[in-house]
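Visitor: The listed protein sequences derive, respectively, from chains H and F.
Counted the way the working numbering counts, the first sequence spans residues 1237 to 1942.
Counted the way the working numbering counts, the second sequence spans residues 1237 to 1942.
Calculated directly from the structure, the hints in this document are not laboratory data.
Predicted, not measured: the structure shown is a model, and the values here were computed from it.
Be aware that a few hints might be false.
If chains are identical, the list can't say which one is meant, so a pair holds when it fits in one copy or spans any two.
[Unchecked claim] Straight-line Cα separation of at most 30 Å, DSS-like style, residue types lysine-lysine; simulated pairs:
{"#": "1", "residue 1": "K1668", "residue 2": "K1491"}
{"#": "2", "residue 1": "K1340", "residue 2": "K1377"}
{"#": "3", "residue 1": "K1566", "residue 2": "K1588"}
{"#": "4", "residue 1": "K1498", "residue 2": "K1822"}
{"#": "5", "residue 1": "K1769", "residue 2": "K1491"}
{"#": "6", "residue 1": "K1377", "residue 2": "K1668"}
{"#": "7", "residue 1": "K1238", "residue 2": "K1521"}
{"#": "8", "residue 1": "K1340", "residue 2": "K1573"}
{"#": "9", "residue 1": "K1377", "residue 2": "K1573"}
There are 2 protein chains.
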Amino acid sequence: MKKVNFLFGIHNHQPVGNFDFVFEEAYQKSYLPFIEALERHPKIRIAIHFTGILLDWIKEKHPNYIPRVREMVHKNQVEILTGGFYEPILAVIPRNDRLGQIRKLTKMVKELFDYDAIGMWLAERIWEPTLPSTLAEAGIKYTILDDTHFKYAGLREENLHGYYMTEDLGNAVDLFPISKRLRYAIPFEDPQETINHLGFWASEEGNNIVVFADDGEKFGVWPKTYDHVYKNGWLENFLTKLEENLSWINILHFKETIESMKPLGRIYLPTASYAEMGEWSLFSKASEEFVNFEHYLMDNGKYEENNVFVRGGFWRNFLAKYREVNDMHKKVLRVSKKLWTLPDSQKTKSQKAFDHLWAAQCNCPYWHGVFGGIYLSHIRDAIYSNLIDAEKELDKLNRYSLPNIEIFDVNIDGFDEVLVETKHINAYFDSKAGGILYELDYKPLSKNILDTMTRRHEAYHSKLDRATAPGEQSDHTASIHDLVLAKEANLKSKLHYDFYDRKALIDHFIDPGVTIKDFSESRYTEKGDFINKLYTVTSFKSDKKSANVVFSRLGNVDGRQVLLSKAITINNADGIIAIDYQLQNKSSEPVKSRFGIEFNFGLQAGHADDRYYYTNGPRLDDKYLDSVGEIENTKFIGLRDDWRKLDIQLTTAQNATIWRFPIETTSLSEGGFERVYQSSVVLVFWDLKIEKNWQNNLKLIFSKIE
Amino acid sequence: MKKVNFLFGIHNHQPVGNFDFVFEEAYQKSYLPFIEALERHPKIRIAIHFTGILLDWIKEKHPNYIPRVREMVHKNQVEILTGGFYEPILAVIPRNDRLGQIRKLTKMVKELFDYDAIGMWLAERIWEPTLPSTLAEAGIKYTILDDTHFKYAGLREENLHGYYMTEDLGNAVDLFPISKRLRYAIPFEDPQETINHLGFWASEEGNNIVVFADDGEKFGVWPKTYDHVYKNGWLENFLTKLEENLSWINILHFKETIESMKPLGRIYLPTASYAEMGEWSLFSKASEEFVNFEHYLMDNGKYEENNVFVRGGFWRNFLAKYREVNDMHKKVLRVSKKLWTLPDSQKTKSQKAFDHLWAAQCNCPYWHGVFGGIYLSHIRDAIYSNLIDAEKELDKLNRYSLPNIEIFDVNIDGFDEVLVETKHINAYFDSKAGGILYELDYKPLSKNILDTMTRRHEAYHSKLDRATAPGEQSDHTASIHDLVLAKEANLKSKLHYDFYDRKALIDHFIDPGVTIKDFSESRYTEKGDFINKLYTVTSFKSDKKSANVVFSRLGNVDGRQVLLSKAITINNADGIIAIDYQLQNKSSEPVKSRFGIEFNFGLQAGHADDRYYYTNGPRLDDKYLDSVGEIENTKFIGLRDDWRKLDIQLTTAQNATIWRFPIETTSLSEGGFERVYQSSVVLVFWDLKIEKNWQNNLKLIFSKIE
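Chain H extracted, bound-state conformation (with noise of 0.2 Å):
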């Protein structure tokens, strides 16, 4: 009789930060439906991995979740995979993090599960060569990849049907190749599929293996699934399906099969994921490219044979696509040479200081694919909030003194930023982006002020013309791969790109007759060269007090040479920053312009009735932070953040006009296209006429609403 082994495994994951109520639906949607289910077929063996972050939310919320999963582990029902605690991209962290991490998720599996984990989940399959050096380093013996990974190494299908080795530096670890096909089968797919791919590999020796591997959230969490795999019993069947076959499937635990079968030889992948990261990763332009020439290869029937040499992009271009993954990413490393540089004594003082930073590299908000990704403010947010809880752990160890003025490239762009570090205030300025303020810690509330996300162009958004909106899509259950939905109508319209960051101490000269509507939506010209050119940091000092910056600029205004320098000081016992602009006319001509400064506030909720603005003038018609207005003649706008208790002033010593309005990006998510709010726009404004000299004094005060 032919036969054929079937590992089976899920991949449990919530993000750092992510909502309360979004756990508790996935977990009544799919963590626990699932196991339900196989407590109902004792025979169906799988591995299964949560992630840290999500044990110790079942642990608090769920507890009795934990004795019934120990009982199917001591069955020898289910086997669990380790991996880093909170899920993150271990090739871009360092190596100690990544060992701390492994070791942190392997001690609580031993912990609840009583269960010596040595296999791990890899998060996003994202591998690069020189991980099996740290995996052996963590105790990891075999790690789950995808089958496009071993065909970028010139493998072919029917070289995937059992396990490699590979190593580096002569560090081994063994590799299995996860089903693409499976992976679109289940759960879309009729359950026969699953059951005549396996029967496809079944053969008289009976040594091939089949791998399917993937999200536990595909079953109940992506749109639509619930009501497909256990209302209509998708799930049930399947897994009757399998039992049904059970003399022929042999179902094997991953460690098993590393135990009984040796490997089917030796192989080196290269950096990958699995094959639809290589799209997501490329830059848009170069990601339509992509797809239209795997279509072209489809229709021409040259896809399926020749697949295995067309690839995209390298996840570590996330970091290079949006600044504001790399700004994470780079804190993350600043935060983490700090802690490992510790003496050995203050370190084992701070281990909340190091999960703080190891929340910090959860995967999910550095790169976007299909699902919202870095777009998803509450996600930045959390990693930012236990970045600076771990810098004040830091603090308290008082290491070196505040304040603390840093200049070097810590981005890495060729350029020096200048990190200006006080007892309330992390303030980070980019001067090669037009000296602009791009980092905004207050420390009392472990917020970074100016988390927001510039609106890009992605590859999707031509898929736009084609999303349906609620009320017109059809019920067929399609993979996440087919899926175009719209959380609403007319997305299109709000489309807009921006030609900078949207950041603070943003300088424009731009021509009265620019409405607040071309403004918002980037579509004018500036009349300046301030925006993204190069500043020069003109002086730095700090003392107990206080820190202060200037930067400056001689640039053109409508062809007449300006220079701008502001000056900023942050004082270090309160949450006050104040900053003087001065603009030096140096033609014999005046300089006629309108100049304004922009403020971005990044507080997640556009719409919220615990989040608005407020002035100390005339009374707002709409006070939320999405709405949009003019305000004129004043010299003082607020914005308040109940929920979080965070209230910031901004102050200008000159009347001025005031523009409010948001920025909205447009992306994918698991629901389809969604507009998400991301920071409100303030700009202060005046016409101005300099013969020679202009000069003003603007104040943010910074304070936490006792």
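We have chain H; now place chain F onto it with these hints.
Guide: Frame of chain H, contents of chain F only:
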């Protein structure tokens, strides 16, 4: 006026172990005339990389060359690049070796040329994304890769006229893209083509850069290039043309570029090398398919726009493609680990050992493309010789006692190997591959006698049909990539493929009807299932006198169970290995078969007067090591290598028949297809009828000819 920046670099290298006459020829035909040309054109500024191997040789043989180059360095005409001293593939050697190799060359560059090199030539441009961490640690600020690498990250031609930064864990390095267009134009096309290409990228801003960097040997050493480049004046014309256009072509050094220009941005490159390496590093079948796919795209006009998405294999798979490469590599790792774990005091004393180790990391025999690479036995020989020399240095430290037996998975294939080390011999056994002896180091002469090569299918073998032998070729100077030459006629008839590795103690059961021709061409069927099958280590032991290991396998011969066991005893005090064979018939019927034991001896020259077979009985008609013949009824065969002073004697207790024939591979080299002698096979056999038991004792005696 439109201007452009041109960066011009060459890389001069000869492998460890190359013949002195090859060094000399390359010096006379390329290294010397090239700098003479530069002396005549002082305005042509260039970056030069010499590997440490070459500098060692030049220092000794042509010491006057050094001050001539130094003079040009002082005049700022020449910039010197550093690199790994012995030109290793950095990615596959341990971090400490990387640092040691780079620092050693940087130090020599400083001593010889009074130059602080901060840029490096990366051997074969084998890039991996974790390299920046080691490069930064070694003081490297920039390196030079191919445009291909950048295209694989999704960049296009138009994005590649500047340099980029990259980083790993915050460790930054600058990267320059070499123009593939110019790699093909220089020195093969009319110099005006290069000028035209530069003209195309010239701009009003004048900030585009165009990079050419490639092997110095293209200028005089590659076939026909000496006449073309020097006698027919190509280089003189080229440099003159450049000079005539210096009003708009600004020749910059790489170092000047990073000091005076800002990077185009930050980018992350996947594992990559130049485009051709992608084809070569694929397994042979996939390599053919890859080339066909490329041709399909070219024929349909889809290649140019989409080749950024078309990729071949991954360099590290040369370790999977050729066991010979992997065996060297794993020995390198073993020796490196032993050296770096020495106490610091012993490390200092072992500088010679480190140097041998690093020399053994020279990349040339670790891969194969269109040059000889792994197929060149004299280059492999140098690797083993250096490794054994390093081991002998370690022996002197008396850190562990000899004999030493270790059983573990040294080659990382999922099965244990047996490593026996005595004072005179290292003997490595592969239980999985038929209990064969696969490395046999005779330490007194630092020679691995089993440094052989198996005959394998290579993708390019299909081109043998259209290869032209001497006298037949056209005199068009084609790029090395287009040439299909053969060093002799009728090579195709000499193409044979082995189904097992050509090592020693290979246990054959063959039909007496199989001729020596069939056998030597691997065109016959085994009657037994011992070849390539798993043997068990039945026992192993050692005392001061010797080490003893017993392998056995219960297999089948013509459907009858046979227990084969071979006990190997290796003396500690001399070069004598005793092998006791026992065949037990476990069936009730007699086993009738020819039983043969195969030995390969890799003595590098098949047809040289100082290397030959001898007997103690009949005089041999042809005693060359590439001779084919049978000796009946004998107990002895000897091999002498008078050049190396090595004597090998093989004796058998029972009279036997002995076949001898050479293993010759057909592979590509700079000069086209060539036949390379790899080893001399000695098959000792008996026509047996085994009722119960058969046994025999063999002896291998290695000695140094005094």
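Visitor: With reference to the structure, classify each hint as holding or not holding.
Guide: We went through each hint and held it up to the structure:
1. K1668 - K1491: between (52 Å within a copy, 22 Å between copies)
2. K1340 - K1377: within (17 Å within a copy, 36 Å between copies)
3. K1566 - K1588: Answer is within: at 20 Å inside a copy they meet the 30 Å cutoff, but 41 Å across does not.
4. K1498 - K1822: between (77 Å within a copy, 27 Å between copies)
5. K1769 - K1491: Answer is between; shortest inter-copy Cα gap is 25 Å, intra-copy 56 Å.
6. K1377 - K1668: Close across copies (21 Å), not inside one copy (46 Å); limit 30 Å.
7. K1238 - K1521: between (48 Å within a copy, 29 Å between copies)
8. K1340 - K1573: For K1340 and K1573, both the intra-copy (19 Å) and inter-copy (29 Å) Cα distances are at most 30 Å.
9. K1377 - K1573: Both. Shortest intra-copy (28 Å) and inter-copy (21 Å) distances satisfy the 30 Å Cα cut-off.
In terms of the numbered hints stated before, the structure departs from none.
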